[in-house]
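*Asks:* Taken in order, these protein sequences are the chains called A and B.
Position one of the first sequence corresponds to residue 1 (the numbering used here), numbered consecutively onward.
Position one of the second sequence corresponds to residue 1 (the numbering used here), numbered consecutively onward.
Just so you know, not all the hints are guaranteed correct.
[What the hints assert, rightly or not] In silico DSBU-like pairs for lysine-lysine, Cα to Cα no more than 35 Å straight-line:
| hint | chain 1 | residue 1 | chain 2 | residue 2 |
| --- | --- | --- | --- | --- |
| 1 | A | Lys218 | A | Lys287 |
| 2 | B | Lys93 | A | Lys61 |
| 3 | A | Lys299 | A | Lys314 |
| 4 | A | Lys177 | A | Lys207 |
| 5 | B | Lys64 | A | Lys26 |
| 6 | A | Lys177 | B | Lys32 |
| 7 | B | Lys33 | A | Lys177 |
| 8 | A | Lys306 | A | Lys287 |
| 9 | A | Lys192 | A | Lys280 |
| 10 | A | Lys81 | B | Lys93 |
| 11 | A | Lys61 | B | Lys33 |
| 12 | A | Lys314 | A | Lys218 |
| 13 | A | Lys26 | B | Lys32 |
| 14 | A | Lys26 | B | Lys20 |
| 15 | A | Lys192 | A | Lys298 |
[Said to hold, decoys possible] Derived Cβ-Cβ restraints for the label pairs, each shown as a range:
| hint | chain 1 | residue 1 | chain 2 | residue 2 | range |
| --- | --- | --- | --- | --- | --- |
| 16 | A | Tyr239 | B | Cys113 | 55 to 61 Å |
| 17 | B | Gly152 | A | Val128 | 39 to 45 Å |
| 18 | B | Glu125 | A | Phe27 | 33 to 39 Å |
| 19 | A | Pro273 | B | Glu100 | 52 to 58 Å |
| 20 | B | Ser126 | A | Gly66 | 54 to 60 Å |
| 21 | B | Arg156 | A | Gly88 | 44 to 50 Å |
| 22 | A | Val92 | B | Ile74 | 57 to 63 Å |
Keep in mind the hints are simulated off the structure, nothing from the lab.
Given the structure is predicted, the values throughout are model-derived calculations rather than measurements.
Ideal Cβ positions, reconstructed from N, Cα and C, are used throughout, including at glycine.
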Amino acid sequence: MSLLVPILVLSGLGAAMGVGLAVAAKFLSVAEDPRVEALVDILPGANCGACGYPGCSGYAKGLVAGEDVTLCSPGGNATVKDIAAILGVEAVTVVEKVALVKCAGGRNVAPDRSLYVGPQTCRAAVLVGFGNKECRWGCIGLGDCAEVCEDDAVEFTADGLAYVVADACIACARCVKACPRDLIEMVPKDRKVHVLCSSHDPGKITKNVCQVGCIACKLCSRRDGKSFVIEDNNATVLYGEGSRDVPTAALICTPGAVWDANMYDQVTWLTDPEARVHLKEQQAEFKAAERAERAAKKKKAAEAKKAKEAAADKAEAEPAVGKPEKTEEAPDQEPEKGAE
Amino acid sequence: MELLILAINAILVGNLVLAKFLGICPFLGVSKKISTALGMTMAVAFVMVLASTVTWLIHVGLLKPFGIGYLRTIAFILVIASLVQLTEMAIQKFSPSLYEALGIFLPLITTNCAILGVAVMNVDESRSFLPMLVYSFAASLGFGLALLLFAGIRERLETAAIPSAFKGAAAALVVAGILSLAFMGFTGLV
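Please construct the entire structure, taking both the sequences and the accompanying hints into account.
*Replies:* Printed below as a string of structure tokens:
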């Protein structure tokens, strides 16, 4: 009996609490928006955080609360369309993006200044006297970006330069945050012409530390000011509206800081010395052609000027002949008026 | 008058957090912002008064008559856990923003020693119903006072120029210690 009482009391208490909670759960249940579940299903599930929410389910909740539908960069246009369909809003076309390492200076072209033996992360390396590279802006190649990339899209050249394989990149932008030198930028996937240099040193210094660095000579921005801008000693491609892939940009860039994907694929461009040699030839050819064209134009202009001058001479002569004719006509008409 | 003394004792002299080391977890965890600290204070106050009342009733009406006072701890924990669950559901329903802000600390009230401590203290001191009610409410007010003071200090601490080695949890614990030191000044007030 003395054993039974505590058992009964405690189980009775437990049962009462359980029933109470079950009833409360029914009355206090929070109905979740069914759209949230549908949205979680169509989102890529990468939980990458590119949208600014902690995960796909967070973004789904945000979407139902009226968040911008274009924030999912891994999903791209297809996902925007699906989201818009579920939410019943109009789909917007987004520019699909991809990460780009804006540095082409592997150790072959941008040498190290010293040996670095500290912790093997870029973040640590840049803390030691601006890093161990001659160029204090370029890629160190210790792979902080590869560390955070869950899709193994970051690879390295033999000379310790990180680059992003566009096909593997889901545009989560985690590497952008990871790079202590801010070398990585999200660029439109369909763009082909990029400046692979982030140095803000004056051209003179850049030239000394890197063979392929931008020296801010303004040749590109002068050619197309809507697509290139020189800011703080560095040429930047404007990827926004009104800009374009300037087809001649790579051909006029003296140090070869402009990479044109139509001419060379990424790996060739970054690793193959032949590509540079080939480009130099192309540049010389282009320069010659342009010079010839300019000469031809000049010649043509000179000819045109000559022709114009001749025409002007002629025109000057003509009115002298025409004027008397007019004065002759006028008196003819007046007598008629007077006769009426 | 006695009730007033009891209340002042619970709020200042025998402050739950700063004099009795109870409820340190939410004190350190939810004190980053005054707004969430206020939410936590209200949740704790609600649960504390409710839990103390119910546990007192169970003790007086169930455990004592059957002579099974030794089941006190497990019975109280059962009741408190259920009440916290209930509070969690209610907050989720009526104030989703507070629910988000409290996060993990709401379930942590379940194992909050302050709640169980107050319930046990009430029974140990064999308080009658009214003093029990006053003490529970005052104790939760004392908890809230400590929490809000601390949150206010921490908000300023965020922008203060303090040595980087102290930043974060270290500074919070140091401040908690100093705050406790200050409350020790109330000793002998009643």
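*Asks:* Against this structure, judge whether each hint is valid.
*Replies:* To see whether the hints hold, each was checked on the structure:
no. : hint                            : result
1   : A:Lys218 x A:Lys287             : holds (16 Å)
2   : B:Lys93 x A:Lys61               : holds (16 Å)
3   : A:Lys299 x A:Lys314             : holds (22 Å)
4   : A:Lys177 x A:Lys207             : holds (28 Å)
5   : B:Lys64 x A:Lys26               : holds (34 Å)
6   : A:Lys177 x B:Lys32              : holds (26 Å)
7   : B:Lys33 x A:Lys177              : holds (27 Å)
8   : A:Lys306 x A:Lys287             : holds (28 Å)
9   : A:Lys192 x A:Lys280             : holds (19 Å)
10  : A:Lys81 x B:Lys93               : holds (33 Å)
11  : A:Lys61 x B:Lys33               : holds (24 Å)
12  : A:Lys314 x A:Lys218             : violated (44 Å)
13  : A:Lys26 x B:Lys32               : holds (34 Å)
14  : A:Lys26 x B:Lys20               : violated (39 Å)
15  : A:Lys192 x A:Lys298             : holds (33 Å)
16  : A:Tyr239 x B:Cys113: 55 to 61 Å : holds (57 Å)
17  : B:Gly152 x A:Val128: 39 to 45 Å : holds (41 Å)
18  : B:Glu125 x A:Phe27: 33 to 39 Å  : holds (36 Å)
19  : A:Pro273 x B:Glu100: 52 to 58 Å : holds (57 Å)
20  : B:Ser126 x A:Gly66: 54 to 60 Å  : holds (56 Å)
21  : B:Arg156 x A:Gly88: 44 to 50 Å  : holds (46 Å)
22  : A:Val92 x B:Ile74: 57 to 63 Å   : holds (59 Å)
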